[in-house]
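Take these sequences, add in the hints, and give me the full structure.
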Amino acid sequence: MLPSNRSSFRRLLAVSTAMLVAVSGVAPALPAFAQTASPSTTQQGPASVADLAEGLLGAVVNISTSQNVKNEDKAPMPQVPEGSPFQDFFDEFFKGQGQDGNRPRTVNSLGSGFVIDPAGYIVTNNHVIDGADDIEANFADGSKLKAKLIGKDTKTDLALLKVEPKKPLTAVPFGDSRKMRIGDWVMAIGNPFGLGGTVTVGIVSARGRNINAGPYDNFIQTDAAINRGNSGGPLFNMYGEVIGINTAIISPSGGSIGIGFSVPTELAENVINQLREFGETRRGWLGVRIQPVTDDIAASLGMERPRGALVAGIITGGPIANGEIKTGDVIIRFDGKDVGEMRDLPRVVAESPVGKAVDVVVIRDGKEQTVKVTLGRLEDSEDGAGAEDNPTVAPEDGDGFTDEDTAPDEPPAAAMPADGVVLGMKLAPLDEATRKTYGISEDVEGVVITEVEPGTAAAERRLQAGDVIVEVAQEAMTTPDDVVARVESLKSDGRRNALLMVANKTGELRFVTVRME
Numbered sequence: 398m399l400p401s402n403r404s405s406f407r408r409l410l411a412v413s414t415a416m417l418v419a420v421s422g423v424a425p426a427l428p429a430f431a432q433t434a435s436p437s438t439t440q441q442g443p444a445s446v447a448d449l450a451e452g453l454l455g456a457v458v459n460i461s462t463s464q465n466v467k468n469e470d471k472a473p474m475p476q477v478p479e480g481s482p483f484q485d486f487f488d489e490f491f492k493g494q495g496q497d498g499n500r501p502r503t504v505n506s507l508g509s510g511f512v513i514d515p516a517g518y519i520v521t522n523n524h525v526i527d528g529a530d531d532i533e534a535n536f537a538d539g540s541k542l543k544a545k546l547i548g549k550d551t552k553t554d555l556a557l558l559k560v561e562p563k564k565p566l567t568a569v570p571f572g573d574s575r576k577m578r579i580g581d582w583v584m585a586i587g588n589p590f591g592l593g594g595t596v597t598v599g600i601v602s603a604r605g606r607n608i609n610a611g612p613y614d615n616f617i618q619t620d621a622a623i624n625r626g627n628s629g630g631p632l633f634n635m636y637g638e639v640i641g642i643n644t645a646i647i648s649p650s651g652g653s654i655g656i657g658f659s660v661p662t663e664l665a666e667n668v669i670n671q672l673r674e675f676g677e678t679r680r681g682w683l684g685v686r687i688q689p690v691t692d693d694i695a696a697s698l699g700m701e702r703p704r705g706a707l708v709a710g711i712i713t714g715g716p717i718a719n720g721e722i723k724t725g726d727v728i729i730r731f732d733g734k735d736v737g738e739m740r741d742l743p744r745v746v747a748e749s750p751v752g753k754a755v756d757v758v759v760i761r762d763g764k765e766q767t768v769k770v771t772l773g774r775l776e777d778s779e780d781g782a783g784a785e786d787n788p789t790v791a792p793e794d795g796d797g798f799t800d801e802d803t804a805p806d807e808p809p810a811a812a813m814p815a816d817g818v819v820l821g822m823k824l825a826p827l828d829e830a831t832r833k834t835y836g837i838s839e840d841v842e843g844v845v846i847t848e849v850e851p852g853t854a855a856a857e858r859r860l861q862a863g864d865v866i867v868e869v870a871q872e873a874m875t876t877p878d879d880v881v882a883r884v885e886s887l888k889s890d891g892r893r894n895a896l897l898m899v900a901n902k903t904g905e906l907r908f909v910t911v912r913m914e
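Heads up, the sequence shown is in the working numbering, so the first residue is 398 and it goes up one at a time.
Dumping the calculated DSSO-like pairs for lysine-lysine here, alpha-carbon to alpha-carbon at most 30 Å:
id, residue 1, residue 2
1, Lys-769, Lys-753
2, Lys-888, Lys-764
3, Lys-764, Lys-753
4, Lys-734, Lys-552
5, Lys-888, Lys-902
6, Lys-764, Lys-723
7, Lys-564, Lys-545
8, Lys-769, Lys-734
Treat the hints as calculated values from the structure; they're not laboratory data. Remember, it's a predicted structure, so these values are computed and weren't measured experimentally.
Next up, the structure:
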C-alpha cells in the first residue's frame, strides 16, 4: 500500500485489493503480440473502442497472491454499505476470522498485470506481490499459471513475473509515454474489486505528477476509472501500446473519483529491462546531496530564473567524492538532458548506465561550466539509497532540512557568549568550547550560531543555536566579524538576501537565503 496523505479526504490508495479470486475471461489467447485496430473517432472522441479492447483483453491478467500470516496481523473487515452486492461476499470471506487465536492463516489479494513477451513475462506492481508466498496469473481464457518473481523495484513500485505457458501468450508492446499529450484518449484494463477484464476509458489529465510515492515520481494522471485491484494493470494509448502502469488513486472513499496515476513507460521500461536481464535494478549514482533552487537562491546566485538542482553536499566515499562537482554548484544539464527542477536530477541519473562518463553542466560563480563525472552504482551505496534520491527540502520554503534532520538532542541550558550579532543571530567562534556545547563534529568549520531572535528572518528560515555558518555569499567564514562584514557588504551592493551555507552538528550542509533587514 502506498503512503497516505494527512487528510482522510486526500489519502493516496494503492489500487490492489484483498479479496478472493473473482475473475472472468473474455478473450482467447493468441500466439503473438495482440492485434489491435485503432478506434474510429469523432470530434467528441472515439466513437467506439470495442475493437481495440477486444484485441487487448487477452494480454491482461489477474494476479492473485496468498500469504501465510499470524492471526493478529489480519486485515480489518472492509466497510461495505448495507445492501451492497459485495456484502455477502465479504461476510463469508471474513467469517470466523478472529476465533483462531494465533494460528497462521492465509491472506489472499488481487491485482492486475500484463504480458510483455509471449514466452511468459508479466509486469505488475511490487505492492501487488510484496510478501506473497504464492503468485498465480489468471488469464482471460480461464487458464491459470503459477508465477515466479523475477525481480522487483520498490522505488518505482514495479515487479516482473514469469510463467511457463504451454503455448505462446498474447503480449502487448510498450509505447512511448513521452509522446502522450494532455487530452489524449487512454484505456485502462484490469481487475477492479476482483472483476476481471474490466475496460475503462478516459484521457490524460496531466503529466509529470509528483505524489510523493518515491524518488522518481513522474506519474501520468488520468480520469479513466481506476479502482482497487487495477494495480499493475496497463494504461493503453489508442494504438494498443502500453504507455503506463496503473499504480495509485486519490480518493476519499477507496473508489475512483477520476484521479488515477500510472507509472509512465519512459520510466518503467528501463526498470523492467534491468529486472529481466539482472533480476535487480542497476541505477547510476552521482553521490550528491541536493536541494531546490528557490527564487531567492536563484537571485542570490545571479541566475535569471530558478532551475536545476543545487548541490548541498558531496557524499564521502561516493563516485565523485574527489571529482569536479562542488558544493554550491547548480546542476542544470546532465548527460545532454535538461534538469529543469531538483526532482528531475535523481531520475536522469538513475536512468544512466553505471560506470558511464557523462558531461554535467553546472552554474558556478555565475557562469556555466561543463565537467565530466563517472557514475557509480546506486545499489552499492552504503544504505542502497543515494542522497540525490532523498533531497533536502524544508517543509515550507525548500531552503533547508526538515525538522527531523536538524532537531537538536537537547538545547543548551544557557546561551553561549556572542562575539557578533547579525540578521537576528548571535554568533561565536567555533572553538573547543562551542564544539563541546553543541556537539559539533570536528570536521565542521565556520562560525557557530548561539542564539536566534524569534520573529526575525533567520528564525523564519529555521536557523537555530548550534548551526554553523560555513559561507556567506560563497565566501568562507572563520570569525563572527567575517559574517557581519560580509552581510554589510551585500547590503551596500543593494542585495536583498544573503545566501548562507549552513552545516548542522554532523556536518551536513544546506543553503539558506536570509532576508537582510
